[in-house]
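Peer 1: Chains as they are written, first to last, in this note's numbering: chain A, 1 to 206; chain B, 207 to 376.
Everything labelled a hint here was simulated from the structure, so no lab data went into it.
Check the hints yourself; a few may be wrong.
Said to hold, decoys possible - Stretch by stretch, here's where chain A covers chain B in the computed footprint (C-beta under 8 Å, at least three residues): (1) 234-248; (2) 255-266; (3) 331-344.
Claimed, not checked - Beta-carbon label-pair distances, calculated as ranges: (4) B/Leu363 <-> A/Leu12: 19 to 29 Å; (5) B/Leu354 <-> A/Glu144: 16 to 26 Å; (6) A/Ser33 <-> B/Leu369: 29 to 39 Å; (7) A/Ala151 <-> B/Phe326: 52 to 62 Å; (8) A/Leu12 <-> B/Trp372: 22 to 32 Å; (9) B/Leu369 <-> A/Gln150: 52 to 62 Å; (10) B/Leu361 <-> A/Lys38: 18 to 28 Å.
If you're wondering where the values come from, they're calculated on a predicted model, not measured in any experiment.
The beta-carbon is built from N, C-alpha and C at its ideal position, and this holds for glycine as well.
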Amino acid sequence: MATIGRTVLQMLALSAVALVLGLTANAGRESGSLMWTKNYFDRGGPAAKPLTTADVPLESIKPAAGDTIPPANHGGAAKRAGALPAHSFQTASFDVAVAIFESPDTADGLNVFIDARPASEFADGHIPGAIRCFPFEIEKCIDEVLQYTQAAYKVVVYCNGGDCEDSIFMCRELLEAGLAHDQIFLYEGGWKEWSEKNQPSQRGTK
Amino acid sequence: MTGNGNSSLIRRLDETGIPLLLVRLVLGGLFVWMGSNKIGHPIDFLKEIREYHALPESPAVFLNTAAIVLPWLEVVAGVALIVGVFVRGASAIFTVMLAVFTPAILIRGLQIRAEQGTPFFEIAFDCGCGAGVVVTWKKLLENSGLGLLALYGILSLSRRFCLEHWWDRR
């Protein structure tokens, strides 16, 4: 009995040391530290129906005549490549994402792409002009993101596609930061679909 | 050889302290290595342990605390085992961890099989164990072996080559 009691005490002592070290290391970490009470996996409420080019007329994205926007794939262009869980954000299909990217408004900074992947993946390739903001390190980039997005018409958020949920978490962060729900577009196909379809890409940290 | 003879032989072997020393070095070394790999990547580890759905996402404090503390617990208990301090407590911690995570890995593997239709013996995923993507059945086998080693760490009566033995003798 005394042995069991001593073993439990030893377990508690080792756990206490681990707790103190964990707390200290987490507090002292320059990047990647976790907040104890923050729910990083909040998807932002009930599910919304996917948004397609049928819901977002390409004319609203492309005001100028003669732009090189590909034909719209009306009624179901939002391809769900993986088992992405339900979320509350409007989704942009590949066609919508490309149309927004090619819109003159994007060149003018009125539409913004947000890359919600870690720095190393962003550096390997991203949508040109996208701002990198990893939702788990939101405090490092939210100021820059808000600077570009608050007056934007459309903010397109993407990560790796498939079952990658980081873009959903980024959308929720944008909503919490004060962006309007209808400003935010979730591009579910993400970087995987974009790069596989040979769309323009850019390497590096900017 | 009689049953008494067997137990006497095992006890004599245990008293040499060499089996326990080997167990301490293997088990402690492995957990220090795996814990160290996770300490540098708390966000990745948080995402991996979330996949088990063993802890609630809300309130988030449980999941976040686990992601922050568990890697350190592995390192602290591993170092304690290697140097021979609180050997029984450290072994008990590893026994509990393995008793919790091994069935969790099995359940996750079965979930992946159900979702993707992959044959069980071909399922591989990052179990958050600190060794990257692992083949599920091999990981289950490895964990079962480690569980037996951890149990031996609790049951062994020898404290030779342990720092706590040296303390007790002073």
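Peer 1: With reference to the structure, classify each hint as holding or not holding.
Peer 2: How the hints compare with the structure:
1. Three residues within the 8 Å Cβ limit are the bar, and the segment 234-248 of chain B against chain A gives 3, so the coverage statement holds.
2. As drawn, the segment 255-266 of chain B meets chain A at 5 residues by the rule of a beta-carbon pair under 8 Å; at three or more, the given contact holds.
3. With a threshold of 8 Å between beta carbons, the proposed coverage of the segment 331-344 of chain B by chain A is violated, since 0 of its residues qualify and at least three are required.
4. At roughly 23 Å, the beta carbons of B/Leu363 and A/Leu12 sit within the given window of 19 to 29 Å.
5. Hint check: B/Leu354 to A/Glu144, Cβ distance near 53 Å, so the stated range 16 to 26 Å is violated.
6. At about 33 Å, the CB distance of A/Ser33 to B/Leu369 agrees with the hint of 29 to 39 Å.
7. For A/Ala151 and B/Phe326, the hinted distance range of 52 to 62 Å is satisfied, since their beta carbons lie about 53 Å from each other.
8. Checked against the hint of 22 to 32 Å, the pair A/Leu12 and B/Trp372 passes, with Cβ atoms roughly 23 Å apart.
9. Between B/Leu369 and A/Gln150 the CB atoms are about 60 Å apart, so this pair conforms to the stated range of 52 to 62 Å.
10. In this structure the hint that B/Leu361 and A/Lys38 lie 18 to 28 Å apart at CB is violated, the actual value being about 42 Å.
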